[in-house]
Structure formats: C-alpha cells, structure tokens
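J.: Chains as they are written, first to last, in our numbering: chain A, 135 to 266; chain B, 135 to 266; chain C, 135 to 266.
Hints may be right or wrong, so weigh each one.
If several chains are the same, the list does not tell them apart, and a pair holds so long as it fits within one copy or across any two.
Unchecked claim - Okay, derived cross-link-like pairs now, PhoX-like style, lysine-lysine, Cα gap no bigger than 25 Å in a straight line: (1) LYS146 / LYS162; (2) LYS235 / LYS146; (3) LYS235 / LYS162; (4) LYS162 / LYS210; (5) LYS146 / LYS210.
It is worth saying that the hints were derived from the structure and are not from the lab.
Each chain, letter by letter, is given below.
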Amino acid sequence: MIYQYTIKTDRKIMFYNIDESLHEAVIKSDVQNGIAVVFVPHTTAGITINENGDPDVLEDLSNAAETYFPNLSSFKHFEGNSTAHFNSTVTGASETIIIDKGAPILGRWQSIYFAEFDGPRTRHYYIKILEG
Amino acid sequence: MIYQYTIKTDRKIMFYNIDESLHEAVIKSDVQNGIAVVFVPHTTAGITINENGDPDVLEDLSNAAETYFPNLSSFKHFEGNSTAHFNSTVTGASETIIIDKGAPILGRWQSIYFAEFDGPRTRHYYIKILEG
Amino acid sequence: MIYQYTIKTDRKIMFYNIDESLHEAVIKSDVQNGIAVVFVPHTTAGITINENGDPDVLEDLSNAAETYFPNLSSFKHFEGNSTAHFNSTVTGASETIIIDKGAPILGRWQSIYFAEFDGPRTRHYYIKILEG
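Bound-form chain A, shown alone:
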C-alpha cells in the first residue's frame, strides 16, 4: 500500500502541512495497527514534524534554516543550491509515524510537513503503510 501525492510549493523555503494526505492514506489502507513512512524523492526537500498552532513557527523555521546555514562562497556545486541540499540532509527524507486503532499517533500540536528548501517547484511524496 503505497500512495503518491503531488504538491506545488510557492516559496524558496517553506513548510507545507500534509496531515490530510497522511490521514487519507491510513484510511484507504484500512490498516488498524502499523506504521506510516512518509518519504520525499527529492534532494533539496525533506519531511518533518513540527507545530501546527502558531503559523509564525513555520516562518521562524524558514528564517532559521536560511540564517544558520548561509550560502558559502567556497561552495562548488554549479547549481548554487548547496544550502538546500544541506537542509535536506539535516531535515531528513522521511518520517515514520505509528498507526494505532486506524489513525496516526500525532501529539496535540504536531503536524507533518513537506519541507521545501529550493522552491517554488512541483514536488512529490510517497506514503507507505505497513501493517503489524
């Protein structure tokens, strides 16, 4: 049970809530107990879990990624987006979420996000549901 999704990002660095895809995939799979692996097949993006309460948190995470990891004049990659590749490695290409009684376990303030580090682009992500 693998589900593929497409997302259009509209900023260079931003975090997009994909909770709806996760819930949909779990329901479609009809799995009551197991795990969900959310995976991004790109090298300048990532998947992360963070707060869904105050949208300023996402702005601050975007600001932080840009400020803590500035472009270096010593970078060699011809595309000039090595900071996006670094952010991808730091954030990680996937998240694994526990499924209990037919629903993903997320904390009260947690949502799952597609992390764009080199947008705007049309992107994809996969959700794999494993029973057990």
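Since chain A is already given, all that's left is putting chains B and C on it; use the hints.
T.: Just chains B and C now, with coordinates in the frame of chain A:
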C-alpha cells in the same frame, strides 16, 4: 504493540538515556525479529542516538545545540522558543532500531536518548514494535 | 533478513554512496513490497540521502558540516570530536526506504550515503528488510 512512557526533564536542553524503556518494550513484545520505532509526540523535543561512554558528550551536544542555533531577534513566534522547534526538526521526532534475536541492535557506544530542547517539562514517548 | 556491510572511509568528513548494498540487500531478501532500514551502529557517523549527480554536492555538504558546526573551545569531551557527535545526531543514525515491486524507491537524483564525520576509520552498517 505500542508502549507509552513518561519522563520528567530537569534542564532546558539535555539528553536523557531511554535504553531501559527500549529493552523493556522489546522484551514485553516477545518479538524476535523486526523493528522498534521510538516516537516523541512533542514539537520542542526529539529522539536521537549518541554516545553513552563519556557524559561530557551530552553536555557538548547541549552546548552545540544552543550555540549553533542562537535565538534570532527576527523570530516572530509568541512563545519565544523557536530555537527549540528548530532543534526538534533537526534532531527528528523518531528513531528506528533493528531488532535481532529478541534484542535491539545498538553499537557498542550507542544509546538512545530523549532530547529535551525546552525543559524542564513532563514529557511522553511511544515505542512501537513491528515484527518481520 | 538483516545484512551487514563494512566500509573503509578515507577522509575526516565525507559521504560514501552505498546504493549497491541497498539494491543487493533488497534482491537477496526477495521481498517485493516493504521497507528497508539502513542503520549505522556508530556515534560519529550517520546515514543520509542526497544527490548523486554532481560530486561537488558531497564536497559542499562536507564543507557545510565543518563550517556551520565548528569546534567550540568550551567543549569538554576528552576525545575532542564533539562536532562529529553533533553531526551524527543532526544527520541521523538511519534512513527508511520504501520497497516497491522488488526495488527501493529512490528519486532520480537520490542516492543513499554513509556519512563519515570522524574518519578515516573502518565502519559498519546494517540493512534490515521488512515485508509488508
């Protein structure tokens, strides 16, 4: 097989060894081969694997998290803890450990840690055991 | 189905492509649908997914890890490699990859890397294949 644990943290940024919970969960599950997913339902904490030999490593990791990711005056989040949210994304909300012959595979110097970035607080974490 | 591999690293900080091990483990397992967990049992190394097109990306990632996370004079760990421990936590000890129709799903530009942060050393990593 999902096991829930509670931990009381006593510092702003610190790493707490939770190996005992992991071993207990694997034993309770009676699973010989599979994986364990350790998941934190908070957005200013994380789960990580690091050294258990010299406790100074944990102090240095705490120092590093604070020094490399300082508070920015441009942060907007009203709670003022955006660095903790960033550390949560960087560390990750979960770790996946392989179970072999009824025990988690960890390297000689590895332990699994609950990473607190905005303590002290009472926190929770889940351990899901999957057979296969 | 757990497969163990050995790798000799030849630099202090560098990323080594281990796609071949991943493909081999999936084929040996004969699993058509499931996940692969690639896990490193060391605390100054990690596993990450990043670009395989331009090798300059790997050089830039190495440069970035060293530049963004410099050694601090306040570090206490007697081995003097606390930045390597921090990079290990930031990169993560594992990656989880989806297996579909007998092959790992990786994006066109994605490869999986053993991330060395305190080499050169002889290192190990595990690949666990889970069906489902």
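J.: Hint by hint, say whether it matches the structure.
T.: Hint by hint, here is what the structure shows:
Within a single copy, LYS146 and LYS162 get their C-alpha atoms no closer than 32 Å, and across copies no closer than 41 Å, so neither meets the 25 Å cut-off. For the homomeric pair LYS235 and LYS146, neither the shortest alpha-carbon distance inside one copy (37 Å) nor that between copies (34 Å) is at most 25 Å. Both within a single protomer and between protomers do LYS235 and LYS162 lie at most 25 Å apart by alpha-carbon distance, with minima of 14 Å and 20 Å respectively. Taking the shortest Cα distances, LYS162 and LYS210 never come within 25 Å of each other, neither inside one copy (45 Å) nor across copies (38 Å).
With identical chains, the CA atoms of LYS146 and LYS210 are at most 25 Å apart both within one copy (20 Å) and between copies (19 Å).
In summary, the numbered hints that this structure violates are 1, 2 and 4.
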